[in-house]
Amino acid sequence: MRVPVTLKVALLTVVATAFYTYVGQLVPQKEVHPPEVVEMSADLTTADLVGIGEEIANGKGLCFTCHTVGKSGALRFPDLDGIATRAETRIAGFDALTYLAQSLYDPESYIVEGFAGGMPPISKPPIGLTDDEIRAVIAYLQTLGGQATVTMDTLIPFSAAAPEGVPMAAESESGESEPPAETSEEGAA
Amino acid sequence: MNWMIVLPVLLVLAGLRFVKPSMLGWAAAWWIAVWIIMDFGFAVPVPKSVVKEFLGIVTLALAAYVSSDPQRWAEVRDPMVAFLTERRHLPLLGLVAVAIPAAVAASIYLEMTAPAQAPTFGRTVHPAPPATLTVHDVTHDMQTLDNPLRSLETSDPEAFAAHLEEGRRIYYENCFYCHGDLMQGAGMFAHALNPIPTNFQDSGTIAMLQESFLFWRVAKGGPGLPEEGGPWMSAMPAWEQFLSEEEMWEVILFLYEFTEQRPRALHAASGGEGH
Amino acid sequence: MKKSHLLIGLVVLLALGGVAAELATFMDERLAYSSPLAADAEHAAEPTPRELALEAQAAAQAEEDANRPYEEEEYRAFPKIGSRVAVWMVAQLHLLFAAFVLAVPMFALIIEFIGYKSGDKRYDDLAYEFTKLLSTSFSFTATLGALLTFLLVALYPKFMNYLMHVFSPTFLPYTLLFFFEAIFLYSYYYGWHAFSKRVHLLLGLALNLVGTAIMFIANAWLTFMTTPAGISSTGARISTWEAVTNYTWMPINIHRIIANVAFGGSIAAAYAAFQFLKAKTPEERAHYDWMGYIGNFVAIAALLPLPFAGYWLASEIYAFSQTMGLTMMGGAFSWLFIIQAILIGNLFLAANYYLWLGMGRIEGAERFRSYIKYLLIVITGCFLVWATPRSILATVGEVQAMGGSSHPALGFLGVMSAKNTAVNLLILTTYVSFLLYRRSGRIPTVAWAKLGNIVQFAIFAVAASTVLFFGIYGYFVEAAVRIKFSIPQVLSVLVAMVAVTVIDIFLLRGAKETETRWGQISNTSQYVLIFLAVTFTWLMGLMGYVRSGLRQHWHVYGVIRDTSPDAYTPTLGFATQVVSVTVLIFFGFIGVVFWLASLGGSHGSEDEAAVTSPSLAEGET
Numbered sequence: 001m002r003v004p005v006t007l008k009v010a011l012l013t014v015v016a017t018a019f020y021t022y023v024g025q026l027v028p029q030k031e032v033h034p035p036e037v038v039e040m041s042a043d044l045t046t047a048d049l050v051g052i053g054e055e056i057a058n059g060k061g062l063c064f065t066c067h068t069v070g071k072s073g074a075l076r077f078p079d080l081d082g083i084a085t086r087a088e089t090r091i092a093g094f095d096a097l098t099y100l101a102q103s104l105y106d107p108e109s110y111i112v113e114g115f116a117g118g119m120p121p122i123s124k125p126p127i128g129l130t131d132d133e134i135r136a137v138i139a140y141l142q143t144l145g146g147q148a149t150v151t152m153d154t155l156i157p158f159s160a161a162a163p164e165g166v167p168m169a170a171e172s173e174s175g176e177s178e179p180p181a182e183t184s185e186e187g188a189a
Numbered sequence: 001m002n003w004m005i006v007l008p009v010l011l012v013l014a015g016l017r018f019v020k021p022s023m024l025g026w027a028a029a030w031w032i033a034v035w036i037i038m039d040f041g042f043a044v045p046v047p048k049s050v051v052k053e054f055l056g057i058v059t060l061a062l063a064a065y066v067s068s069d070p071q072r073w074a075e076v077r078d079p080m081v082a083f084l085t086e087r088r089h090l091p092l093l094g095l096v097a098v099a100i101p102a103a104v105a106a107s108i109y110l111e112m113t114a115p116a117q118a119p120t121f122g123r124t125v126h127p128a129p130p131a132t133l134t135v136h137d138v139t140h141d142m143q144t145l146d147n148p149l150r151s152l153e154t155s156d157p158e159a160f161a162a163h164l165e166e167g168r169r170i171y172y173e174n175c176f177y178c179h180g181d182l183m184q185g186a187g188m189f190a191h192a193l194n195p196i197p198t199n200f201q202d203s204g205t206i207a208m209l210q211e212s213f214l215f216w217r218v219a220k221g222g223p224g225l226p227e228e229g230g231p232w233m234s235a236m237p238a239w240e241q242f243l244s245e246e247e248m249w250e251v252i253l254f255l256y257e258f259t260e261q262r263p264r265a266l267h268a269a270s271g272g273e274g275h
Numbered sequence: 001m002k003k004s005h006l007l008i009g010l011v012v013l014l015a016l017g018g019v020a021a022e023l024a025t026f027m028d029e030r031l032a033y034s035s036p037l038a039a040d041a042e043h044a045a046e047p048t049p050r051e052l053a054l055e056a057q058a059a060a061q062a063e064e065d066a067n068r069p070y071e072e073e074e075y076r077a078f079p080k081i082g083s084r085v086a087v088w089m090v091a092q093l094h095l096l097f098a099a100f101v102l103a104v105p106m107f108a109l110i111i112e113f114i115g116y117k118s119g120d121k122r123y124d125d126l127a128y129e130f131t132k133l134l135s136t137s138f139s140f141t142a143t144l145g146a147l148l149t150f151l152l153v154a155l156y157p158k159f160m161n162y163l164m165h166v167f168s169p170t171f172l173p174y175t176l177l178f179f180f181e182a183i184f185l186y187s188y189y190y191g192w193h194a195f196s197k198r199v200h201l202l203l204g205l206a207l208n209l210v211g212t213a214i215m216f217i218a219n220a221w222l223t224f225m226t227t228p229a230g231i232s233s234t235g236a237r238i239s240t241w242e243a244v245t246n247y248t249w250m251p252i253n254i255h256r257i258i259a260n261v262a263f264g265g266s267i268a269a270a271y272a273a274f275q276f277l278k279a280k281t282p283e284e285r286a287h288y289d290w291m292g293y294i295g296n297f298v299a300i301a302a303l304l305p306l307p308f309a310g311y312w313l314a315s316e317i318y319a320f321s322q323t324m325g326l327t328m329m330g331g332a333f334s335w336l337f338i339i340q341a342i343l344i345g346n347l348f349l350a351a352n353y354y355l356w357l358g359m360g361r362i363e364g365a366e367r368f369r370s371y372i373k374y375l376l377i378v379i380t381g382c383f384l385v386w387a388t389p390r391s392i393l394a395t396v397g398e399v400q401a402m403g404g405s406s407h408p409a410l411g412f413l414g415v416m417s418a419k420n421t422a423v424n425l426l427i428l429t430t431y432v433s434f435l436l437y438r439r440s441g442r443i444p445t446v447a448w449a450k451l452g453n454i455v456q457f458a459i460f461a462v463a464a465s466t467v468l469f470f471g472i473y474g475y476f477v478e479a480a481v482r483i484k485f486s487i488p489q490v491l492s493v494l495v496a497m498v499a500v501t502v503i504d505i506f507l508l509r510g511a512k513e514t515e516t517r518w519g520q521i522s523n524t525s526q527y528v529l530i531f532l533a534v535t536f537t538w539l540m541g542l543m544g545y546v547r548s549g550l551r552q553h554w555h556v557y558g559v560i561r562d563t564s565p566d567a568y569t570p571t572l573g574f575a576t577q578v579v580s581v582t583v584l585i586f587f588g589f590i591g592v593v594f595w596l597a598s599l600g601g602s603h604g605s606e607d608e609a610a611v612t613s614p615s616l617a618e619g620e621t
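Chains as they are written, first to last, in the working numbering: chain A, 1 to 189; chain B, 1 to 275; chain C, 1 to 621.
Incorrect hints may appear among the rest.
Capping the alpha-carbon separation at 20 Å, the derived lysine to aspartate or glutamate pairs in EDC-like fashion look like this [said to hold, decoys possible]:
(1) K80(C) to E398(C)
(2) K30(A) to E71(C)
(3) K48(B) to E71(C)
(4) K158(C) to E71(C)
(5) K512(C) to E283(C)
(6) K60(A) to D566(C)
(7) K484(C) to E363(C)
(8) K121(C) to E283(C)
(9) K20(B) to E86(B)
(10) K60(A) to E88(A)
(11) K373(C) to E75(B)
(12) K158(C) to D566(C)
(13) K512(C) to E284(C)
(14) K124(A) to E113(A)
(15) K20(B) to D69(B)
(16) K60(A) to D48(A)
(17) K20(B) to D78(B)
(18) K52(B) to D562(C)
(19) K124(A) to D562(C)
(20) K71(A) to D106(A)
(21) K71(A) to D69(B)
(22) K124(A) to E108(A)
(23) K484(C) to E113(A)
(24) K30(A) to E55(A)
(25) K373(C) to D69(B)
(26) K60(A) to D562(C)
(27) K158(C) to E283(C)
(28) K60(A) to D106(A)
(29) K132(C) to E363(C)
(30) K48(B) to D137(B)
Here are some chain C residues pointing at chain B (derived, C-beta under 8 Å) [said to hold, decoys possible]:
(31) A236
(32) Y318
(33) R369
(34) S370
(35) I372
(36) V378
(37) L410
(38) T524
Just so you know, the hints here were simulated from the structure itself, not pulled from any lab data.
All values derive from a computational prediction rather than experimental measurement.
Note that the Cβ used here is the ideal one computed from N, Cα and C, for glycine as well.
Just chain A, with the same shape it has in the complex (with noise of 0.2 Å):
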């Protein structure tokens, strides 16, 4: 019996796009969602913070797609690990709470020594999370090495309520100009 050969051609390439079908079937498959607003009470416990945190990090936040947790050797990105220890002697004139909404309302301003930079601002798109849910990632970033403080009434720096130029704004101007403190740290890590 003789196939035509149109048939043939016809069966190879059904044959490789199913192929192609079945490789794409093979890797993870995740279905990723537009983020949604989370509702913020007034109410909320640090604790509560920290867990809704933690969640905004992992999702919406993506911070995880580039920041890692308790990794060392040849990182592309700073590890968070012990980051509210680290942040409190990080910039001459910033506490650890200016020092982590800095790195994430206008993170280019102080690179991590050793790294190249490229975090975009987190509270505008595309990732665009609001002030709250910021406080609420910083009370997360509080446990990597340290104790949760913020609270639904804490002034959280740069954000829309805070006042116009900033708590440490005097000293953040000479401290621009100083190196880092414990920049050798920042690179190790």
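With chain A fixed as given, assemble chains B and C onto it according to the hints.
For chains B and C alone, coordinates are given in the frame of chain A:
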């Protein structure tokens, strides 16, 4: 690399040069060699998904090789055609005809009856320590905390030896049930625990940690682990309930002494790396 | 079966259908509910309460309809498959045909030019035969383009309105260029034997320029959606020109030109393969074997620089937004690139395989047979490295054994350093394969032949070691430095290929040529060509998906949100299914194109020249 497996495979491949098998034999030998090396040749086993992917690619490559030349193709095709058509191979052919569906059925059966497994969680083995640590009502700053007995090593070797001896006693009275005689994390209770007790002989554990980190872990144990140390609580007791502060420092001295490791220097680095 | 039988069958079928319809109407009338009241003439004027209520309802509805305010609709739904899949498939089909229509004139013109310069009529005929595939494809492209436009306007009215806001000045030139494209294309095709060769070549050039310009304009729209520029933070237009020249516009332009040529070449090769398989005479086989070879040569020559263009595009995406870059390579789409690696690995493997099979038609190729083994080992090795995932799919036990999602040994192969190295070596090896093929039919006669060979070998060795060196060194430096390593890697490969080609041209000048027996090749090789075409098409579908899907839940990334029900990113499994269906539909269409092209009669008697061992002219390489 698991050389006990890789080397023999390579030797067999080299040996085949003298036997001069047919092209079909060569192709089969290469395929099996790649399979054995991928599946068993690595010290840490390669996941099945990757083995399958690699074997698929190797199959394609071998098929391309044997069929890229009419002569080679004939060498491969003829024995197969003979096997399928000649009468004398009939019993074996029948066996193959039964074996293939049987193998498919078996693999499906095994896949469907595989026991349900818990989902994976990433567990941070050395989570970040807190900024401050309160043991026996004394609050320490983790940034500056160091083993108070460590300085004796140079200033008063005799007292240091005494503390070490004390550490040995404490270890064998309390720790060795889980962490084992040789500190390899293979004590008699170890097999019942998840996560398993830490292997101190591994250069990736205490050697890259500061003594203050060990002090935190010894004092607070499993219950004091932060969340990222989960999802299962470590069975390590909070030893501050059983030991004095000095005893804990002594046992830490002994850990380093016994494993011939040095603690990570206090100011070399803190923060992310190694934790 | 006779044709008359078919006709009778049709008539009977129609008649049966008619009878069935009649019967159904009759039964329906009999079963109809006949109200006893309605039959009663006395009560006929008095409506029942139900009828009154219905009347009132209808009146209310009519009044509401009359006063309903006009509302702008944001989205409309496409039945069954949804708006996104509908637009996705039509866009992909349109794109595939457009790519073909843009690519074929490019190499048809070059081949025609070679024929004109060398005076070899076979090349002219070949160019004409390629062009024959064009006219039907052009109509399909235009029709699918119109369908796509209607679908977009119907399904995404609000967003299309926004695009008009930014890009309205570009639409008129686009349409005008389409007119010119039609004029040049048909005059190029129908005027093949009418105009003087020079005028005809100029027509071809104009056709290519217009086609490229059309693509550039369309590229502006879609790259704008991914990497917007020239607008305010809320989307108001500031400058259309800046919106056109956004971050990824030029990279996409270049990437698409090259990819179109590769794709067009492979489709043309598939056409030749199909005709080869159907051919009855040795002459036809010889001709189509040669045509398939040229088509495939075009495809592979364009494929080699494509990864470089791809890297440029990717780096521009990173430069625009690191978030998007990482979504692509590390986030939701990272596994797509493993699928891509498998496709490209297949492409390289199949392309080399075709060359090796092709050695069968050259006398004296036996001396290179033993090299194939080593080439294959390198290609397979690179393929394996490229297809190694960074975070591996593993069961719980396996993850525990590995201590994480990456394998302590194989993890090294999953990172960029290893993959860049693999792809560069893959390109270099394929080039060597081609060189061997070219060499197999010729024995150099120049005095410095031996030296030339040594120099060529040395260049390859230096290039390969440069690539390897930077690949390994990349593990020891910071990411910022490592990224720059791809440049020396790429450069060394490019320089090596150019240098070796130049040496080879001089080396083989006046070489002793053995006979190339066109047509004496196994049928398998022709199926390989078709497989290559399917793989190219599928790959375009996949990469088209990632280019567009990368925006995730944005119409215009970071500016205009997609709020339709289709805003989510589907699973890769689903995406590959859509790609596959699209590819199959495309090949259905292409089957029609091939069929129509073959209706014009097989290539005429003028192609007899093809039988007499066409030697490979210099210009081909």
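Decide if the proposed pair is consistent with the structure: K484(C) and E363(C), CA atoms, cutoff 20 Å inclusive.
-> Between K484(C) and E363(C) the Cα gap is close to 45 Å, so the pair fails against 20 Å, i.e. violated.
Does S370(C) pass the interface check with chain B, least Cβ-Cβ distance below 8 Å?
-> This hint is violated: S370(C) lies away from chain B, its Cβ roughly 10 Å from the closest one there, beyond 8 Å.
Restraint check, 8 Å cut-off on beta carbons, for T524(C) near chain B | holds (6 Å)
Is the Cα-Cα distance between K158(C) and E71(C) 20 Å or less?
-> holds (11 Å)
20 Å limit on alpha-carbon distance, applied to hinted pair K60(A) and D106(A) | holds (18 Å)
Taken at face value, is the distance from the CA of D566(C) to the CA of K158(C) at most 20 Å?
-> holds (15 Å)
Distance restraint between K124(A) and E113(A), which requires alpha-carbon spacing of 20 Å or less = violated (24 Å)
Mind checking the CB of L410(C) against every CB in chain B and telling me if the closest is under 8 Å?
-> holds (6 Å)
Measure nothing beyond the straight line between the CA atoms of K48(B) and D137(B); if it is 20 Å or shorter, mark the hint as holding.
-> Since the Cα atoms of K48(B) and D137(B) sit roughly 52 Å apart, the hinted pair is violated (cutoff 20 Å).
When you check the alpha-carbon spacing of K60(A) and D562(C), does it fall within 20 Å?
-> Given that 20 Å is the threshold and the Cα spacing comes to 16 Å, the pair holds.
Taking the closest Cβ pair, is Y318(C) under 8 Å from chain B?
-> Status violated, d = 24 Å.
Straight-line Cα separation of K158(C) and E283(C) no greater than 20 Å?
-> violated (58 Å)
In summary, the numbered hints that this structure violates are 1, 2, 3, 5, 7, 9, 10, 13, 14, 18, 20, 21, 27, 29, 30, 31, 32, 34, 36.
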